[in-house]
Amino acid sequence: MDLTLHVWRQKNASDKGKMVQYQAKNISPDCSFLEMLDQVNEDLIKGNEDPISFDHDCREGICGSCSMVINGKTHGGQKGTTTCQLHMRHFKSGDNVYVEPWRAKAFPVIKDLVVDRGPFDRIVAAGGFVSVNTGGVQDANAVPISKVQADYAMDAAECISCGACVASCKNASAMLFVAAKVSHLAHLPQGQPERKRRVLNMVKQMDAEGFGSCTNQFECEAACPKQISVQFIAQMYRDYLGASLSYQEAEAKE
Amino acid sequence: MSWIVRLMKSSLGAKYVMAITGLGLFVFLIGHVAGNLLLYVGQSAMNEYAVGLRNLPYGLLWVARIGLIVVFGLHIFMAYYLTLKNKAARPVAYHNKAYLKASFASRTMPMTGTIVLLFLLYHLAHYTFRIVNYSGELVDPAGLDDVYTMVVQGFQQPLISMLYIAAMLVLGFHLQHGLSSFTQSLGLNHSKYNPLLRKGFPVIGWVVVLAGASIPLAVLVGFIK
Amino acid sequence: MQLDAKIPSGPLADKWDKHRFDMKLVNPANRRKFRVIVVGSGLAGASAAATLGEQGYHVSCFCFQDSPRRAHSIAAQGGINAAKNYKNDGDSVYRLFYDTIKGGDFRSREANVYRLAQVSVQIIDQCVAQGVPFAREYGGLLDNRSFGGAQVSRTFYARGQTGQQLLIGAYQALERQIGLGHVKMYPRTEMLDLVLVKGQARGIVVRDLVTGQITTHLAEAVVLATGGYGNVFYLSTNAKGCNVTATHRAWKRGAGFANPCFTQIHPTCIPVSGDYQSKLTLMSESLRNDGRVWVSQKPGETRAPNEIPESERDYFLERKYPSFGNLSPRDISSRAAKEVCDAGRGVGPSGKGVYLDFRDAIKTFGQPTIAARYGNLFQMYEKITAEDPYKVPMRIYPAVHYTMGGLWVDYNLMSNIPGLYVLGEANFSDHGANRLGASALMQGLADGYFVLPATIGDYFAKTKFENVSAEQAEVKQVETEVSALIKKLLSINGKRTPDSFHKQLGKVMWEKCGMARTKKGLEEALVEIDAIRQEFWSNLKVTGTHDNLNSALENAGRVADFIEHAHLMCRDALSREESCGGHFREEYQTEEGEALRDDERFLHAAVWEYTGQGQAPKRHVEPLEYENIKLATRSYK
Ligand SMILES: Cc1cc2nc3c(=O)[nH]c(=O)nc-3n(C[C@H](O)[C@H](O)[C@H](O)COP(=O)(O)OP(=O)(O)OC[C@H]3O[C@@H](n4cnc5c(N)ncnc54)[C@H](O)[C@@H]3O)c2cc1C
Ligand code: HEM
Ligand code: HEM
Ligand code: SF4
Ligand code: F3S
Ligand code: FES
Chain A
1 MDLTLHVWRQ KNASDKGKMV QYQAKNISPD CSFLEMLDQV NEDLIKGNED PISFDHDCRE
61 GICGSCSMVI NGKTHGGQKG TTTCQLHMRH FKSGDNVYVE PWRAKAFPVI KDLVVDRGPF
121 DRIVAAGGFV SVNTGGVQDA NAVPISKVQA DYAMDAAECI SCGACVASCK NASAMLFVAA
181 KVSHLAHLPQ GQPERKRRVL NMVKQMDAEG FGSCTNQFEC EAACPKQISV QFIAQMYRDY
241 LGASLSYQEA EAKE
Chain B
1001 MSWIVRLMKS SLGAKYVMAI TGLGLFVFLI GHVAGNLLLY VGQSAMNEYA VGLRNLPYGL
1061 LWVARIGLIV VFGLHIFMAY YLTLKNKAAR PVAYHNKAYL KASFASRTMP MTGTIVLLFL
1121 LYHLAHYTFR IVNYSGELVD PAGLDDVYTM VVQGFQQPLI SMLYIAAMLV LGFHLQHGLS
1181 SFTQSLGLNH SKYNPLLRKG FPVIGWVVVL AGASIPLAVL VGFIK
Chain C
2001 MQLDAKIPSG PLADKWDKHR FDMKLVNPAN RRKFRVIVVG SGLAGASAAA TLGEQGYHVS
2061 CFCFQDSPRR AHSIAAQGGI NAAKNYKNDG DSVYRLFYDT IKGGDFRSRE ANVYRLAQVS
2121 VQIIDQCVAQ GVPFAREYGG LLDNRSFGGA QVSRTFYARG QTGQQLLIGA YQALERQIGL
2181 GHVKMYPRTE MLDLVLVKGQ ARGIVVRDLV TGQITTHLAE AVVLATGGYG NVFYLSTNAK
2241 GCNVTATHRA WKRGAGFANP CFTQIHPTCI PVSGDYQSKL TLMSESLRND GRVWVSQKPG
2301 ETRAPNEIPE SERDYFLERK YPSFGNLSPR DISSRAAKEV CDAGRGVGPS GKGVYLDFRD
2361 AIKTFGQPTI AARYGNLFQM YEKITAEDPY KVPMRIYPAV HYTMGGLWVD YNLMSNIPGL
2421 YVLGEANFSD HGANRLGASA LMQGLADGYF VLPATIGDYF AKTKFENVSA EQAEVKQVET
2481 EVSALIKKLL SINGKRTPDS FHKQLGKVMW EKCGMARTKK GLEEALVEID AIRQEFWSNL
2541 KVTGTHDNLN SALENAGRVA DFIEHAHLMC RDALSREESC GGHFREEYQT EEGEALRDDE
2601 RFLHAAVWEY TGQGQAPKRH VEPLEYENIK LATRSYK
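Protein chains in written order, with the working numbering: chain A, 1 to 254; chain B, 1001 to 1225; chain C, 2001 to 2637.
Keep in mind that a hint or two might mislead.
Said to hold, decoys possible - Computed list of chain C residues with no C-beta within reach of chain A, every gap over 12 Å:
| id | residue |
| --- | --- |
| 1 | SER2009 |
| 2 | GLY2140 |
| 3 | ASP2458 |
| 4 | LYS2488 |
| 5 | LEU2596 |
Said to hold, decoys possible - Covered stretches of chain A (chain B as the covering partner; in silico rule of three or more C-beta atoms under 8 Å from a C-beta of chain B):
| id | stretch |
| --- | --- |
| 6 | 29-43 |
| 7 | 68-77 |
| 8 | 163-174 |
| 9 | 198-206 |
| 10 | 216-226 |
Read the hints as simulated data drawn from the structure, not as lab findings.
Only a predicted model underlies this, so the values are computations on that prediction, with no experimental measurement involved.
Beta carbons: idealized from backbone N, C-alpha and C, even for Gly.
Please model the complete structure; the sequences and the hints are all you need to start from.
Here it is in structure tokens:
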């Protein structure tokens, strides 16, 4: 099939950037969206042009690198699918396809479709961990954890940090990501000692990064390739309120 | 107390305020519409109620009014604070954004809220301060301030009743999202109760709003004279 | 080249304890003075960086992805082994040790493997303490499953995302250290060379992938945890970014490369569907528990699978290996599939595939049961192929999956270059000629959490370090060479893209250094690779600039190293005149077509030394001594 692509090209963070039109010719319906872009890039290089930069690595929907808004939908909008798992059979020959990077103040564009998702790492560094050093821990079976709790923690922990929640949310809010991180540890006994401090510090960092706030649109849940539930956002609302009202330590980490 | 400031300034803190004030406004609305439904009962019932409210002992009226002003003020202030912040969080718009799940009502909250605000300003000028479309002192046979006739006369003007009906529908939209959203903001989300929380409250919202809208409609079609 | 494995003396079970006692320690107050560079943030790198940070060392960690959490370890599905014996089914440290040695076809070091089995127990404790949500039973205790090559249930898992969850655990520990200022993280930064001063590893030269800036980072020790080189085949189950650059360039600086030809081919992957294909997707091995593998008896079959009657089907695994059948080990199943495809009986558009059929299982257990067992895998398959495996048999084909070879290391995980440590898939240490399922994750974490943090202090305590500055001639020299290489890649200005060379190289490697190898094929491959190399350096085209994010440039550098490394692999395969594990030389097989080991001549690790551009590398050997295990032949008949 042949497609007309409109791709966001931006040389670097300070460039203004614009949509540029390309033709993708002879695309097999069985190839993935990224493989389609690979082919366009091969042609660009041969034509002496700079290839389109995009983040990718695993190409099987687990690393969370790939990140494109395709025709206005993050990862192309197929349920539970990352861009690398999106196949061209969902398009028709002759289609116009618009490809843009994640757009959020907190995720500045680095080049073309590549954005800086560093804020996610910093949010985790602010508290998304259990403060245990290596060694000296008790036996893995010393504390039983109900299967329901473990499964629930796993539901949250499946997040791949792709950022589609931010990109799809009208407010560019990172609530779903942060809530997934907070809830993962909040549902395990190992996460309890630091539970209050964790949610306070992570939300603080989230706010400092310039994400929008949540207005309960639930778009993120629909856009999330791992279908992380907004139930975790409710969990975070509860935890944050509880922690704000009761946390004792003089100040949450400044 | 710095933690309260911190809480209020955080994005989640602002949401608690939105939810609690929004809920407070809804409770007021229920009472207000219920009171106004006395128009169906008759002139004396309506007027006795209205005047009764004004004559509440211990200045309770003013306590309630100040409470109401604070709640409205917080709700409106936070709404615009968050809306501006959220706009700033996406400086460059998408070429052609498509939505998978976010409802129309949820995406237009600032818009519907603003319309309700404008309506409210008009509404206060109309019936509370009586500076627009007010035909002068009305007194009922019992010697009470004739709120009944004021309202009926007001709504007999088609333009005004249409405005009220439209405003109530817009408020309905605002509440359709607002009343399912506040539960989430307060952390109420459980798969067992979600159908009730997410559908039930908005239904109550529509009942209240439509009941309110029925009043100008009833006057317009001549059911209430 | 000095190859002293430094295996501690004493009984196998006491070696690690004894060694830890014998090693010197660094006073906690002094640790901050020692700088450690960790390249890689996969399971091995992240766990090492986090633990060294906790211990108080001055750590810098590098990865080429935008976040340390995206390292290729994230993709591991199946699980992680540990000798916990929670199932009370006869498991023990010794059994895990034995299974790993046997699985590796007796080509790994006893002492290392035994330590791995010992440490495995601590890994699970550590991960649970970090909040890794392993699967649990209703009673609240950890669940286990069994995995290929073992008769006990010792595999811990977190749905189909074990690697992800383990990596998130290590990543969180790492981020904690970053937040505390103990570790400095450099994402989107690629190591391009190793800096040696007076024979010691003292730093690395890196390129900032966003700005293109070339800088040197200095330290008292360098740790490479840069993963495997399966992508030398172009198509593999590895992530697109996996590469050999770090280890290859360390090799060129003098580190020994051990057993480069030992690669693992996984039997159940989704077959290649066209030229555009950029990677292959693994389908969990567990599918073979219920699926039956078959092809038509007749070459050139054109009928749809459902139209082929039972009598004309060849269930070749069940036929050839009646007792293990569809559950035969990875290398054996892979070769059998290749055999039928080579005979023209392969299925699918390319003829490179065999059916994995669930018809009988659905008939016996019903669709709901099969859906409960494999639903998510079936879904994944359908997403990729648009075929419904409940109705049409799946098509599968073997694909490159893991590389057992890697930089040579001693018992302390130090290479032959003092101060250069190698962890995880990047080293050669524990899996011999074939890796058992669920053992790579175990090794990566053992290396990073427990082994390196114990052994590195000994080196610091015993070594004298001179002051080194980035301006020093021998340091500057490396930086200059790296810049020159980049300039060269950009200036050839020929006609072909880096990817086109990579694909060409991959085809040669897959055909001639893949599942089955011959002397003739390998010799041809060496010639063909030379030709590719020559054309690469005269006809490559890289657009864009050096001072910007430039995927073509990154790729070109990696492909250049893959070409060199492919050459080394073929050489190694040629010189290993036996069949063992993943290395199958057609000349060396039994009458039934099984691998024929030659313990007389090849009971050793082959370690290659770089001797200069264009010169033949030198082969050294580290003999393997088996004091505790009797060598035996693997049989799955
Ligand atoms: C599909 C799949 C499934 C698997 N399933 C299992 C399983 O179920 N159980 C199991 O035990 N094993 C499994 N494995 C194998 C296992 O995942 C890997 O062997 C293991 O994760 C390797 O970990 P590592 O830390 O050594 O390297 P990696 O995780 O590959 O990390 C390499 C790191 O090095 C960095 N890096 C590389 N080169 C450079 C450079 N030049 N400069 C800077 N940084 C660099 C990368 O950024 C990355 O951070 C699987 C493998 C695959 C492909
Ligand atoms: C169609 C429906 C409505 C009718 C018939 C109605 C009627 C009235 C009347 C008659 C008064 C004056 C009472 C008096 O002065 O004694 C009043 C006051 C008021 N109304 Fe409404 N109203 C309606 C809808 C609303 C809505 C939707 C809101 C809020 C969003 C609202 C908010 C108020 C407020 C804040 C006052 C002032 C109360 C006070 O004096 O303290 N009304 N309304
Ligand atoms: C007067 C002008 C008003 C404005 C400008 C306004 C604006 C908004 C906005 C922007 C929101 C969404 C904010 C968010 O969810 O984070 C909101 C939520 C809400 N509003 Fe209003 N609103 C107004 C009046 C009202 C009235 C009169 C009511 C009730 C009768 C009401 C009830 C609610 C409720 C229940 C919510 C949901 C809170 C939540 O999400 O938790 N609002 N409002
Ligand atoms: S919550 Fe979902 S959309 Fe958001 S980062 Fe995680 S996986 Fe991506
Ligand atoms: S879409 Fe946005 S508004 Fe909240 S529920 Fe999701 S973050
Ligand atoms: S490339 Fe890894 S999730 Fe898409």
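Outcome of the hint check:
Against the 12 Å criterion, SER2009 of chain C stays outside the reach of chain A, whose nearest CB is about 25 Å from its own CB. Distance check on GLY2140 of chain C: its Cβ comes as close as 3 Å (rounded) to a Cβ of chain A, failing to clear the 12 Å threshold; non-interface status is violated. The non-interface label for ASP2458 of chain C is consistent with chain A: the shortest C-beta to C-beta separation is roughly 17 Å, beyond 12 Å. No Cβ of chain A approaches the Cβ of LYS2488 of chain C within 12 Å, the least distance being about 17 Å, so the stated non-interface status holds.
Distance check on LEU2596 of chain C: its Cβ is at least 36 Å (rounded) from any Cβ of chain A, clearing the 12 Å threshold; non-interface status holds. With 0 residues having a Cβ less than 8 Å from any Cβ of chain B, the stretch 29-43 of chain A misses the three-residue criterion, and the hint is violated. Requiring three or more residues with a Cβ within less than 8 Å of a Cβ of chain B, the coverage given for the stretch 68-77 of chain A holds, as 5 such residues are present. Chain B is given as covering the stretch 163-174 of chain A, and this holds because 5 residues of the stretch bring a CB closer than 8 Å to a CB of that chain, at least three being needed.
Figure legend: the stretch 198-206 of chain A, annotated as covered by chain B; annotation consistent (3 residues with Cβ-Cβ distances under 8 Å, at least 3 required). Under the rule that three or more residues need a Cβ within less than 8 Å of chain B, the assignment of the stretch 216-226 of chain A holds, with 7 such residues.
Checked against the numbered hints given earlier, this structure breaks hints 2, 6; the rest are met.
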